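*Asks:* Got chain U sorted already, so can you dock chain Z onto it with the hints?
2 protein chains.
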Amino acid sequence: MEVQPVLIGGVWKKAQAPLGFFTATNPATQKSLEENYPVSSSNDIDQALQAACRAASELRSIPPDKIAGFLDAYANGIEKHREALIQIASLETALPGEPRLRSVELPRTTDQLRQAAAACRDRSWCRATIDTKNNIRSKHGPLGGPVVIFGPSNFPFAFSPAAGGDFAAAVASGNPVIAKAHPGHPGTTKTFAEIALEVLKGNHLPPGIVQLLFHLEPEDGVKLAAHPLVGATAFTGSRRAGLRLKKAADEAGKPAYFEMSSLNPVILLPGSLEERSEQIAKELFTSCTMGSGQFCTKPGLVILRQNPQSEAFFRCTLGLFRQAPAGILLSQNTLDRLRESIARMVLLGAEIVTGNREPDGPGYRLENTLLRVSGEGFLDHPKELQIEAFGGVSLLVFAKDNEQMLEIVESLEGNLTGTIYSESHNKDDGPYDKIEPILRLKVGRLINDKMPTGVAVSPAMNHGGPYPATGHPGFTSVGIPASLLRFTALHCYDNVRPHRLPEELQDKNPTGRMYRFIDGDWTQRDV
Amino acid sequence: MEVQPVLIGGVWKKAQAPLGFFTATNPATQKSLEENYPVSSSNDIDQALQAACRAASELRSIPPDKIAGFLDAYANGIEKHREALIQIASLETALPGEPRLRSVELPRTTDQLRQAAAACRDRSWCRATIDTKNNIRSKHGPLGGPVVIFGPSNFPFAFSPAAGGDFAAAVASGNPVIAKAHPGHPGTTKTFAEIALEVLKGNHLPPGIVQLLFHLEPEDGVKLAAHPLVGATAFTGSRRAGLRLKKAADEAGKPAYFEMSSLNPVILLPGSLEERSEQIAKELFTSCTMGSGQFCTKPGLVILRQNPQSEAFFRCTLGLFRQAPAGILLSQNTLDRLRESIARMVLLGAEIVTGNREPDGPGYRLENTLLRVSGEGFLDHPKELQIEAFGGVSLLVFAKDNEQMLEIVESLEGNLTGTIYSESHNKDDGPYDKIEPILRLKVGRLINDKMPTGVAVSPAMNHGGPYPATGHPGFTSVGIPASLLRFTALHCYDNVRPHRLPEELQDKNPTGRMYRFIDGDWTQRDV
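Read top to bottom, the protein sequences are chains U and Z.
Note that the numbering used here gives residue 489 to position 489 of the first sequence, counting from 1, and the numbers run on in steps of one.
Whatever position you read off the second sequence (first residue = 1), add 1000 for the numbering used here.
If we strip away everything but chain U, and leave its shape as in the complex, we get (with noise of 0.2 Å):
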């Protein structure tokens, strides 16, 4: 049997000893994929820990634009091979090629990459911090170990463990990589992987900076995030397998940042039903059905009033949802874990309204699938209900009044996102006073009149939010540059000779443009 190399140290090599074998399956057809990829064992992890190690003491003595020139040059190539991605990418995840993959998702992963390279050669990143009248000097900087990244299964491109939004963000702060592949898309990884060594190889850059392996088993999984030798873990999963990784990476005391289910409410004011009622119908469809609903930002539950609007409404978004055709989900396991979350909501006295039957015909498929609840019903099992449904599925709740609606939002556990609509001119600004400081509490980003789907890549993003959502809700996982800080440490020198120190600190701007803050201000002038 031909078996798939792992990427350590800059080679492709045999699996040593591995665990186990698997193949992608291709979600529209449900059929295997030819090629066989190892399933790593404590071998090959050791040797890509030391192999990183030794690329994170090389990347301190390297210039920032060196590595810039890596990641600008990593989005050329990425852009130069978009054919061979999107094909293999459209077997292994069946998402659309266009404009999905092509038009969408690998823009979107060229762009960060670029972002990063910007905020790597602009150095500003690194919050440096001067005071003069001390001689003490501050900036953050990397970790000194590799930064494991666990990808996700439903962004093969922008959320790559080899090329998107954590890879860029750990590389532009100075860290290695070692990607672990979902598993479901592992010739994609493996397609970023290669280019990503190519590049480094033609840069003339440590080829450890990155590498890849395919599958772990979780308790290696679990070992690797709590290992001495690690900087740092970033993951992007189901909050099952988060939540054991955090436990390992916090009793280690390693940095560990986690985005692990969210339901991203969105609350629907009466006013704004009365307007555009329609409206509201058609972008909560199309935001819930995206991509088959497999967002981390998918709309899962909708918070509205009981009324003849909402009722309106209603009938509106279910011919909607009755009319589309099931979406191809990721897998078997996606599909199968999204019946669970509906078969729970059900035995927890939600009602299915649509839905939830699996067409005939070849793909992993579910009908989409909208539920409701009485504002009674959904409290008396606030919390149980808060379930993440991965596809294409929502649950209504209609509270009887404004003060049972609060009741709701007060019950909300941590989530990414939170949306109020309302009405265009501030009519529902009464109701939306009292409800805006609980939700705040409670999301990352607060959203008016737009779905939550589409994270756009910007300094002000946060894709994050309070736990579950996320294990800490001071990080962000999207934007540049929050996004590097999570991979670094605060590095004070105090009293340190000047020729000693690093050049972001040092009296001279090394960019000339580079921000530092020097006694109380931020500004690009020496010292």
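In case anyone wonders, no lab produced these hints; they're calculated from the structure.
A quick note: this is a predicted structure, and the numbers were derived from the prediction, not measured.
Every clue listed holds true.
List time: in silico DSBU-like cross-link candidates among lysine-lysine, alpha-carbon distance up to 30 Å:
1) K201/U x K1434/Z
2) K383/U x K1247/Z
3) K450/U x K1508/Z
4) K201/U x K14/U
5) K247/U x K1247/Z
6) K133/U x K1450/Z
7) K1223/Z x K223/U
8) K434/U x K1508/Z
According to the in silico footprint, chain U covers these stretches of chain Z (three or more CB under 8 Å from chain U):
9) 1135-1141
10) 1438-1450
Glycine is no exception: its CB is placed at the ideal position from the N, C-alpha and C atoms.
*Replies:* Then chain Z, alone, in the frame of chain U:
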């Protein structure tokens, strides 16, 4: 029996069903002081949490200037009650009134409060970030629940849970505080809380901003750090107690910050000892015995080369340690743990060269103690020998060559500080350049040519470091504005209508001076 009341919701009240009582002890006389303090049960804890959440909610609509006004007035109030504070702290801690309490720690405390007030007024600390093209705006904001502060034994003023650095940072960032006093100085903490309450009332602020419990059973402390209503926890103290709280907070997904122990290695390069052996011996002696060695930045580990110069340095240091009287330690527990740490070092092969005897007469005291061990000896038990001995104790490690010195540095755990002394004209740059990259990754603050005690309250300070010195290498507990960010969540506003934005994110700069990151530039201008 008269029992001191706890402060809950603005009222000094009798503890409800307390689990026990305790008194403080004067460490100089070893005699109990008069006042009885309660060990609070869950009754007090639950009430305090409820009151804190009300205060957190009220704080949201209180202008930062008003909070700043409180912090300034509190600093004034502390100065007004200076004599009472010094008197009670002297009794409870036996720290010298002059210069320590009066001229060092009290001014530091009021300075921290005033710096926090200035940060609060200035508002730049919240890192407002505005992306005008996408209309996404974000800033750091309060957590919506109290910050629970577990105060340490060694700084009754500057790290007081009711007046110190964590307190100032938590309040300035908009959070109420539940102070958990250190049982060594309950009366001092109570005096602070009395002043704070008076000032809060005088400034018409919610009295629930400052609450005080004197003592908790360990399991109740653990429950508190994990409580759903808590915003965050800050802890300064022993590693054992810290790790217990950390586990609970981590499992509950609650932000929590720990300062848990540090050896603060000092590396003396050969040229520095050739040049100024006697001066360095004096500096080491002073830094090691100041405050009876009970500083988190006390140099507990000195690494030097075995040669005639280092032996001369050793003899000089020995003389200083021998001639100095034993300082008073904070408690019987401090003394017991100190002796235990020394005994463990001896068991692991370190040799006591002076000290380790309890002098006659009253007071918890131990003679200043020096231990030494060879490089080989240290490397036989590198991890086990890294024991914080909280008192006037230091372990000298004599490396046989530069390579062994590197190996010792490589074996270090995470520390708050790491210091390198070198010859003044850079003759030691060879070994420095080899040691620094390793040491840099092990410490929060890297120091040249001075001892680590003395932590300036500077924006560039890092009083933090890699685990196990703290729980996360990216945060500092000293240094404003950075210390405020610990007690915040990142709050993003996406497409939110202008009148609903917090002032800091509206087009107009709310103070005219606040720095905001607008479209890639740090600026004080309006949008």
